[in-house]
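Following the numbering used here, the numbering of the sequence shown begins with 1 at its first residue and continues without gaps.
Because the hints were derived from the structure by calculation, they are not lab data.
Built from N, CA and C at the ideal position, the CB exists for glycine as well.
Heads up, some of the hints might be wrong.
Stated by the list, open to error - 30 Å max Cα-Cα, derived DSS-like pairs, lysine-lysine:
id	residue 1	residue 2
1	70	52
2	63	52
3	70	55
Stated by the list, open to error - Label pairs and their calculated CB-CB ranges:
id	residue 1	residue 2	range
4	50	73	45 to 53 Å
5	71	51	44 to 52 Å
6	47	79	26 to 34 Å
7	57	77	28 to 36 Å
8	69	49	25 to 33 Å
9	79	49	42 to 50 Å
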Amino acid sequence: MQDDAQATTSPFRGIGDEKVWEKIRKPLSPKLREGNLAICCENTIDILNANKDNKEENREMLKSLHDGVKMLQALASNMTCIVHNDRGDDSCDDNLVNHKN
Numbered sequence: 001m002q003d004d005a006q007a008t009t010s011p012f013r014g015i016g017d018e019k020v021w022e023k024i025r026k027p028l029s030p031k032l033r034e035g036n037l038a039i040c041c042e043n044t045i046d047i048l049n050a051n052k053d054n055k056e057e058n059r060e061m062l063k064s065l066h067d068g069v070k071m072l073q074a075l076a077s078n079m080t081c082i083v084h085n086d087r088g089d090d091s092c093d094d095n096l097v098n099h100k101n
């Protein structure tokens, strides 16, 4: 009875989905070669590929956020220059567009 309960629940925290745990618990093939590495099961390759895809998606998302923050920073800097220019201070340069060309 207790073995059946362990079969459906994961002993690891974070793997609560029964479908995922079943794939990890029951490998499809004993030895599968991927490149020069022997991998214990086909699902391990799927897990590794999913991790790679997730890293790439996160990298793209962070790059997009970084570009947005840089644009907002340039805009905030320009707003400061507009305030200084209204006061007659010409020491600020525009960060969004270079008008001196």
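A quick look at each hint next to the structure:
1. 70 - 52: holds, 27 Å
2. 63 - 52: Satisfied, since the Cα-Cα distance of roughly 16 Å is no more than 30 Å.
3. 70 - 55: At roughly 22 Å apart (the allowed maximum being 30 Å), residue 55 and residue 70 satisfy the hint.
4. 50 - 73: 45 to 53 Å: violated, 34 Å
5. 71 - 51: 44 to 52 Å: violated, 31 Å
6. 47 - 79: 26 to 34 Å: Between residue 47 and residue 79, where Cβ atoms are some 47 Å apart, the hint is violated.
7. 57 - 77: 28 to 36 Å: holds, 31 Å
8. 69 - 49: 25 to 33 Å: holds, 30 Å
9. 79 - 49: 42 to 50 Å: Between residue 79 and residue 49, where Cβ atoms are some 45 Å apart, the hint holds.
Against the hints set out earlier in the document, violations occur for numbers 4, 5, 6.
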